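2 protein chains.
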Amino acid sequence: MTKSVKQLACNAKMASRKIVSLDATKRKEVLNHMAAKLWDNRETIMEANKKDLAYAEEIGLNSAMTDRLKLDESRIQGMVDGVKAIAEQPEVVNTFYNEFKNDAGLTIKRQRIPLGVILMIFESRPNVVVDCAALAIKSSNAIVLKGGKEAKYSNEILGNLIQDVISDFIPRETVQVLASDDRSVVNELLSMEEYIDVVIPRGGHRLVEYVTENAKMPVIAHFKGLCHMYIDEMANPEKAIDLVVNAKTQRTGVCNAIETLLVHESLKETLLPKIVNALVDKGTDIRLDSKVKMDHSNIKAATDEDWATEYLDNILSIKLVSDVDDAISHIGEYGSHHSECVVSESEETCNKFLSSVDASCVMVNASTRFNDGGQLGLGAELGISTTKIHAYGPMGAEQMTTSRYVVVGDGHIRQ
Amino acid sequence: MTKSVKQLACNAKMASRKIVSLDATKRKEVLNHMAAKLWDNRETIMEANKKDLAYAEEIGLNSAMTDRLKLDESRIQGMVDGVKAIAEQPEVVNTFYNEFKNDAGLTIKRQRIPLGVILMIFESRPNVVVDCAALAIKSSNAIVLKGGKEAKYSNEILGNLIQDVISDFIPRETVQVLASDDRSVVNELLSMEEYIDVVIPRGGHRLVEYVTENAKMPVIAHFKGLCHMYIDEMANPEKAIDLVVNAKTQRTGVCNAIETLLVHESLKETLLPKIVNALVDKGTDIRLDSKVKMDHSNIKAATDEDWATEYLDNILSIKLVSDVDDAISHIGEYGSHHSECVVSESEETCNKFLSSVDASCVMVNASTRFNDGGQLGLGAELGISTTKIHAYGPMGAEQMTTSRYVVVGDGHIRQ
Numbered sequence: 220m221t222k223s224v225k226q227l228a229c230n231a232k233m234a235s236r237k238i239v240s241l242d243a244t245k246r247k248e249v250l251n252h253m254a255a256k257l258w259d260n261r262e263t264i265m266e267a268n269k270k271d272l273a274y275a276e277e278i279g280l281n282s283a284m285t286d287r288l289k290l291d292e293s294r295i296q297g298m299v300d301g302v303k304a305i306a307e308q309p310e311v312v313n314t315f316y317n318e319f320k321n322d323a324g325l326t327i328k329r330q331r332i333p334l335g336v337i338l339m340i341f342e343s344r345p346n347v348v349v350d351c352a353a354l355a356i357k358s359s360n361a362i363v364l365k366g367g368k369e370a371k372y373s374n375e376i377l378g379n380l381i382q383d384v385i386s387d388f389i390p391r392e393t394v395q396v397l398a399s400d401d402r403s404v405v406n407e408l409l410s411m412e413e414y415i416d417v418v419i420p421r422g423g424h425r426l427v428e429y430v431t432e433n434a435k436m437p438v439i440a441h442f443k444g445l446c447h448m449y450i451d452e453m454a455n456p457e458k459a460i461d462l463v464v465n466a467k468t469q470r471t472g473v474c475n476a477i478e479t480l481l482v483h484e485s486l487k488e489t490l491l492p493k494i495v496n497a498l499v500d501k502g503t504d505i506r507l508d509s510k511v512k513m514d515h516s517n518i519k520a521a522t523d524e525d526w527a528t529e530y531l532d533n534i535l536s537i538k539l540v541s542d543v544d545d546a547i548s549h550i551g552e553y554g555s556h557h558s559e560c561v562v563s564e565s566e567e568t569c570n571k572f573l574s575s576v577d578a579s580c581v582m583v584n585a586s587t588r589f590n591d592g593g594q595l596g597l598g599a600e601l602g603i604s605t606t607k608i609h610a611y612g613p614m615g616a617e618q619m620t621t622s623r624y625v626v627v628g629d630g631h632i633r634q
Numbered sequence: 220m221t222k223s224v225k226q227l228a229c230n231a232k233m234a235s236r237k238i239v240s241l242d243a244t245k246r247k248e249v250l251n252h253m254a255a256k257l258w259d260n261r262e263t264i265m266e267a268n269k270k271d272l273a274y275a276e277e278i279g280l281n282s283a284m285t286d287r288l289k290l291d292e293s294r295i296q297g298m299v300d301g302v303k304a305i306a307e308q309p310e311v312v313n314t315f316y317n318e319f320k321n322d323a324g325l326t327i328k329r330q331r332i333p334l335g336v337i338l339m340i341f342e343s344r345p346n347v348v349v350d351c352a353a354l355a356i357k358s359s360n361a362i363v364l365k366g367g368k369e370a371k372y373s374n375e376i377l378g379n380l381i382q383d384v385i386s387d388f389i390p391r392e393t394v395q396v397l398a399s400d401d402r403s404v405v406n407e408l409l410s411m412e413e414y415i416d417v418v419i420p421r422g423g424h425r426l427v428e429y430v431t432e433n434a435k436m437p438v439i440a441h442f443k444g445l446c447h448m449y450i451d452e453m454a455n456p457e458k459a460i461d462l463v464v465n466a467k468t469q470r471t472g473v474c475n476a477i478e479t480l481l482v483h484e485s486l487k488e489t490l491l492p493k494i495v496n497a498l499v500d501k502g503t504d505i506r507l508d509s510k511v512k513m514d515h516s517n518i519k520a521a522t523d524e525d526w527a528t529e530y531l532d533n534i535l536s537i538k539l540v541s542d543v544d545d546a547i548s549h550i551g552e553y554g555s556h557h558s559e560c561v562v563s564e565s566e567e568t569c570n571k572f573l574s575s576v577d578a579s580c581v582m583v584n585a586s587t588r589f590n591d592g593g594q595l596g597l598g599a600e601l602g603i604s605t606t607k608i609h610a611y612g613p614m615g616a617e618q619m620t621t622s623r624y625v626v627v628g629d630g631h632i633r634q
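If you're matching them up, the sequences are chains A and B in order. Be aware that the first sequence starts at 220, since it is given in this note's numbering, and climbs by one per residue. Be aware that the second sequence starts at 220, since it is given in this note's numbering, and climbs by one per residue.
Hints are computed from structural coordinates only; laboratory data are not their basis. Check the hints yourself; a few may be wrong.
In silico lysine-lysine, BS3-like type, Cα no more than 27 Å apart, as pairs [stated by the list, open to error]:
#: 1; chain 1: A; residue 1: 458; chain 2: B; residue 2: 320
#: 2; chain 1: B; residue 1: 519; chain 2: B; residue 2: 493
#: 3; chain 1: B; residue 1: 571; chain 2: A; residue 2: 328
#: 4; chain 1: A; residue 1: 571; chain 2: B; residue 2: 493
Covered by chain A, per the in silico footprint, the following chain B stretches (three or more residues, Cβ under 8 Å) [what the hints assert, rightly or not]:
#: 5; segment: 574 to 581
#: 6; segment: 618 to 632
Please read all numbers here as calculations on a predicted model, not as lab measurements. We treat Cβ as the ideally placed atom computed from N, Cα and C, and that holds for glycine.
Model the full structure from these sequences, guided by the hints.
Listed below in structure tokens is the structure:
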């Protein structure tokens, strides 16, 4: 075991113990200073980000992935606003709830407490560093962040700026960004269950599987979003077109964008061509069910592999289904428990879809792009859990805590 | 892979899908029929239990463990009352909460949903079969129960009676009791993450470690209770004696009984002898800190091994500590995150203890025996989780669920 990795994990544990009792005023102060520091250093951040973008070009990263990577002034503004918003949210930890007195006068209450040390292993987007650092401070957890090598310089500068500013208030090891590309470092961390309380892998199949198989501590997986939208026979056509275009193209390269569209076969000659044309106008590449023939340079025939692919790009596969049951069964086979949507004016169909589809967020006549901590009222998010245990769906500060019981008596004994 | 084990797991998954939509009236009916069936067959249950007790005698099981195993009419009455109480509790699954409309009129709500299939691996007490089966039905989960071989006949008859009665209403595979002693069966089940959503090992170190290392699905460990009570310099002496006696002897062989008593060294000549005498009167065997000399056939000197031992019997180790910090540090080293208690009239000391001890339940001047689902207001419990993830402390029906988001719009797209 490398001494430095063990030291890093041990430092995180010690930091987590110190910030358990961080008070509300000081917490707000740390977060607001952090926001200011990042904004003041936006030029430095963009400089570092340029090195990552140059590397992306060098290795030929696709446009959606490159877009995820990019930090311009408006995105830095977004990150900074996020930190400020987290600072303003109500306190989460050390709060009490469900208090009652039993018949004998014993006081029983629950107290929200931090998890301790969170190890987050993620791919691509550097804003994850800032969001997760702010949420960790909000929830009195220490966090160790390990990003992908494509965002190396951006993650590193963000981590350094955050450590510099928080160290005036709380241990700098509350937030640690691992710059090393070395896989063995991750391996070592995954075996340190005495220091790390939970690991969150946020990314594709290989990452999630690797972490799940090797971690000695509990895992909350933030797996891919292979999200579907089902356009029912009873869908309102105008709404359907708008919903498909929004769910695919409002921002590509994000996990809550749809990857496969399921269309009721009765709409093959009517609504489907309109949907395809609207998408083609947005530059979407279509992988079309071979039962449908449409001619355009953006369209090619779908293969079975398409149903299992998360493109994370402006690409959409489209499949005809015979009815809602057929759609449900396709989602059961290929869905990733992320976001699933039904578009229909039939209450019966919508209810059937809701009661049969297993996902962290199920939508009726609403874009899958709403499965996001900010949109769903959590403020900001660490990511979207596709694990049912602990948290299912967006994880905000509250989902980074657990609860214990506090029992206060005056010599109470059990009869 | 054995076909029968895979079939069993697959049947559990299918059962879990069918009972997702079980309605409140029918759920109550199943549980009340189950209670009646168990009561009507109490003689049969006690007959089977006698075989287990005979085996316990044969292998020389200690008295506390044998007591855990025993089912007499009053304990069967207790199990039956537990099932009836669970039937009367409010519905848990499919309920909605935290509903709100966003500015654009989109409805966002959370819905409590079952976990799916729970695998429970436990030791000793056969009432676990009944409690867990009732809680699984209450929370619309399917459950697979694997008990220890010492309760083989009792577990088997309880499983059979439950299957017989529930099969008139819901799939009999909703509750499956594994009778096989074969370890390879457990091994196979731990690899079936496509059918089993979570595994709960409830027992000692070896069981918990084995499951944690081998399970492919998430684990919620219900580890041992190596619980402490700290008697502070400022403790009220009468309350302290009552609390120690209750926490150790009200029922031995249970996880929330104390195993080590930590006593402020200033009480060495005053309160400590009184506590020891009160315990000796209750037949407790004492492992006493070698710094204290007391002469009695029940008393012998403690060794370092004692601090790490969960006796699950009428035995208590006693250690002198220099102050509350010393007590906190001992608990940090030997505690099992279960139940920890401070006895003191000093608010400052109590607060220090509360803010520094990491356990699912922390008590002030109250017996550790209160860390129990029934006592803390959950009705009944599956066990006491010592894992921070998902649930920390007693797990009732609500802790056997998770939540998803349901988003209902009218063509709402994200801007």
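Inset, instruction - Quick one: which hint numbers does this structure break? Sort them smallest to largest. - result: 4
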